[in-house]
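A.B. asks: Below are the chains, spelled out letter by letter.
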Amino acid sequence: MTDEPVIDPSLLRGLTQSRFTRRDLFRYAGAAGGALGISAILAACGTKGIATGSAASGKPNANMGTAAWWAQQSEHKVLDFDNWPYYMDIGPNNSHPSLDEFTKKTGIKVNYTENIQDNPSYWTQHILPQLRAGQSQGHDIIVLTNNDYPLGYMLNFGWAIPLDHSAMPNFDKYASKLVTNPSWDPGNTYTMAWQSGYTLIAYNTKYVKGPINSVDVLWDPQYKGKIGMFGNASELGCVGLLALGKDPATSTPDDWTAAAAKLQEQKPLVRSYYDQDYIKALKAEDTWISMAWSGDIFQAGLQGYDTLQVAIPQEGVMFWTDNMLMPYTASNPKDAMVYMDYVYDPKVQAVIEDYNNYVCPVPSSKGIIATDLHDPAVANSPLVFPNSQMIAASKNYYQWKDAQDLKTWNDTFIPIFQ
Amino acid sequence: MERHVHPDLPVEPDEPPRRARRRFQPAPYLLGAPAILWLAILFIVPLFTMLSLSLQTCDPNTYACTMTWNFGEFGNVISRYSDQLIRSIVYAGAATVIDLVIAFPLAYWIAFYGGRRKNFYLLMLLVPFFVSFVIRTTAWQFLLADQGPILGPLKSLHLLPQNYHVLATWIAVVAGMAYNYLPFTALPLYVALERIDRRVIEAAGDLYSNRTSVFMRVIFPLAIPGIFAAFLLTFVPAAGDFVNASILGGTNNTMIGNVIQQAFLVQNDYPAASALSAILMAAMLIGIFAYSKILGARTIEEYV
Amino acid sequence: MSAAVPAEGGVRDLSVEMPPARGRRRRWTSYILPVYSWLVLIYLLIPIAFMVIYSFNQSHSRLPQVNYKWEGFTTKWYQQWNGIPGLGDAFFLSIKLALATTIVAAIVGTLLALALVKYRFRGKGGVEQTMFTNIAAPEIVLGASLLGFFITLNVDRGFVTLLLAHVMFSIAYVTITVRARLSGYDLNVEWAAQDLGATPWVTFWKVTLPLIYPGIMAGALLAFALSIDDFVTSSFVAGNSTTFPLWVYAAVRVGIPPQVFVLGTVIFTAGVIVAAMNLVSQGRRKRQEEAARKKANEPDESVVDVEAEFNVGVR
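Chains as they are written, first to last, in the working numbering: chain A, 1 to 418; chain B, 1 to 304; chain C, 1 to 315.
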């Protein structure tokens, strides 16, 4: 008992001592009262709103993106690009060959990061607070999906720099019809697609015997505890609507309520509501059947998980697009334009696509992947280069009319996975 | 100077004579100023900012928030998230009780039989802290996977049905929390037991008390303040935890921490998130108040 | 390690510290407690062992991720520890942040501890309660309220806010550790030093600081540990910065690159070595002190008894 313990017992003693007496508590209440006074001052400030609506003036990008504005910009030979995880071709030693090639060709050094885990949390942590304060968001290009609310907010607030349409020859020439003039950004004023993809069903052939042709399989009790769903209001709601035979794009709040009821009914069978980690659960065979994003399953197959298969349900598959855009605080817009058009070079896109295996925004890359990159599996996949059948099966997401509409949607579907 | 009977009795060598006490002394304020300001600005003020946010109303279109003294938000979130609130208390309580049961014999053993190896055992107890708790939890996720090293062999021997799983159940969440917070339970218990005056035990032995009654009538009562301290140190972080539920949990395992995190970081619902945080904080303060009320500050200072 | 080894030690001590069970043979039941305790200690190490072992697992995949299929032993991930973009940066950011937090919190917290122990002043109770509330506050509340605060003030989040937050939740731990240390010592020695003509400054450096040094070290270590492993609070206030735990949390959503286990193993090993060195040096110091005491022929126990009586009298 002469030994002194490693962690000073006095520390623990300190930690575990209560130092409250009743007199102290009264005094504390007094202090709390004083601090409430502080809060009253804070409360008086409140938080100012952000200008919205169609009036362009007053929005941060009001004077940006015109020909004259672009003429004043110059290349800084550096570019900050923030993307989603595992969304860029990887070469030896974790290099990104297409980025290295870009730097070699243009002299623009790319700081490439993959910090975007999902749209809402990226919006809340990395876009909204910075941009509303007029501070730099830290990146020249970010990637947001059309199936979630942040993209709409971003454009509505005037927080994206309009593209320089005189500087996108590759896009004009090679971009797929699926990503030109999209409904969420008419005329590609602000965005160019990075990749598109399908939200469909993936299953493990070891445990689930195909073929699967309906989303009803996600409601099959024999897979209880082995079904994975997305814990994302937009994706989850759409599957519920598809299961009811509704087209999400034209659905009504009544349909949403019905879909939510259908999803509640499924809840006891569901193992968990996943985000990006659904793929880990599929690979570990924790889930046998799961909602999935098309490219992930393809990539998993290449990593040796060859029992993972995708199914195209007859109710349809959701088609989404991840869009590149420039926050208005971007410090290198010119370099960003060069890069965004660069990825529409079919040769470059072939390299990127051969890694990503999502839906390719450049149809002409197909031949290059098949011949030059010797990867016919990717080139011939309808999930990468959609055929007419795939295009017919594709469904679009519902576009929220306003924040109230979005709130109704969220309040309908979020309680399912919370 | 190894062991006082009351080593914690504060030594106040420079306690000024009564008359002089009223004179203003700048020294303590100067010494304490950096820390006090730090805590005031970055702990107290944010707490009240949070309270203030929970009373505001925000426009989801423009993110404008105005103070409306909307106390209704508290009622709203309590009714909307009562499941998660109750679940958090139940899970954290279960994990804490499990930890107390696991840790007590261990702490007892180290305190009474540790001898010269005490330090070594305490180090063993602390070693997990050298590994990031996210990594530890993820390691459990791998170990407990349906076809992982624990369940996989049992399934291939057909001892368990194919779709049996531990992950994504409340068992995994509680087990994960129990694992992560076990040292927080064991250490205060150890301190309490270690500080029991051995002569009291000897005295009990001299009075022909057998080992069981020495334990039940002497050691255990003397360890009670330590048990409460351990309970607090385990329960408080466990109740606010969201990492275990998000890595190890599944459907219907979300805790209040997950809801707060979602409300803040995904839904931008600042009033709801703030109201929930305030409720959680208030619950903890009530717990601490009850703790000091039941045991009294002096008892604790003497024995823990 | 065999359970018999600690059992032996345990039994030896039993005869010293517990009511002696004279003349009785050790029964098998006396092994239950040591065996059980060792099982618990081993249980604590299970996920760590998993991490260490799988940091050596081979993988031939195009995108190497930790997988429980054993594919052969390799040290390749140790050679390519910096092979994952972002991971190295996150690791060094965490180290930098933890060091800065440790230094600031140790200084600020120690000063407060000195103020609390040496003086009575108005507001002392409030300060103590604030510290206690700070420790008792769930981390999610700390993080959420700080985020709300920074949002209200429009403060850009990054390294600075991380540092502010980490010091905020470390101060109370440092203060309590140092104070507990201080209250165990007789601060009359400070007066003795001053009576002997030492200036307050000299007294602080030559008397007070050496006395409280172990407490400061313990508090600093704690601050370092709290900071380097913090996830919850950091996730709220990190902004665009990514600390090691944040990086790991994001990465493990999709799959764990083996390098995460490599860096985890490195931190773990370094921590164990530092702690072990601390243990050894403490043991040595103890022995020296004991030897010195013997030399001075001063029986330790009598001192304690006198003090004990004194304390009882005071109460």
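A few of these clues could be false.
[Claimed, not checked] Across the chosen pairs, the derived CB separations fall in these ranges:
id: 1; chain 1: C; residue 1: GLY158; chain 2: B; residue 2: LEU159; range: 31 to 39 Å
id: 2; chain 1: A; residue 1: GLY91; chain 2: C; residue 2: TYR78; range: 19 to 27 Å
id: 3; chain 1: B; residue 1: VAL90; chain 2: C; residue 2: SER30; range: 36 to 44 Å
id: 4; chain 1: C; residue 1: TYR213; chain 2: A; residue 2: SER95; range: 47 to 55 Å
id: 5; chain 1: B; residue 1: THR66; chain 2: A; residue 2: ASP402; range: 16 to 24 Å
id: 6; chain 1: C; residue 1: ILE46; chain 2: B; residue 2: ASP206; range: 19 to 27 Å
No lab work stands behind these hints: they were computed from the structure. We treat Cβ as the ideally placed atom computed from N, Cα and C, and that holds for glycine.
A.B. asks: Does each hint fit the structure? Answer for all of them.
C.D. replies: Right, here's what the structure says about each hint:
1. C/GLY158 - B/LEU159: 31 to 39 Å: Check failed, 52 Å falls outside 31 to 39 Å.
2. A/GLY91 - C/TYR78: 19 to 27 Å: holds (22 Å)
3. B/VAL90 - C/SER30: 36 to 44 Å: At 38 Å between Cβs, range holds.
4. C/TYR213 - A/SER95: 47 to 55 Å: Distance hint for C/TYR213, A/SER95 holds at roughly 49 Å.
5. B/THR66 - A/ASP402: 16 to 24 Å: For B/THR66 and A/ASP402 the Cβ distance comes to about 19 Å; the hint holds.
6. C/ILE46 - B/ASP206: 19 to 27 Å: violated (43 Å)
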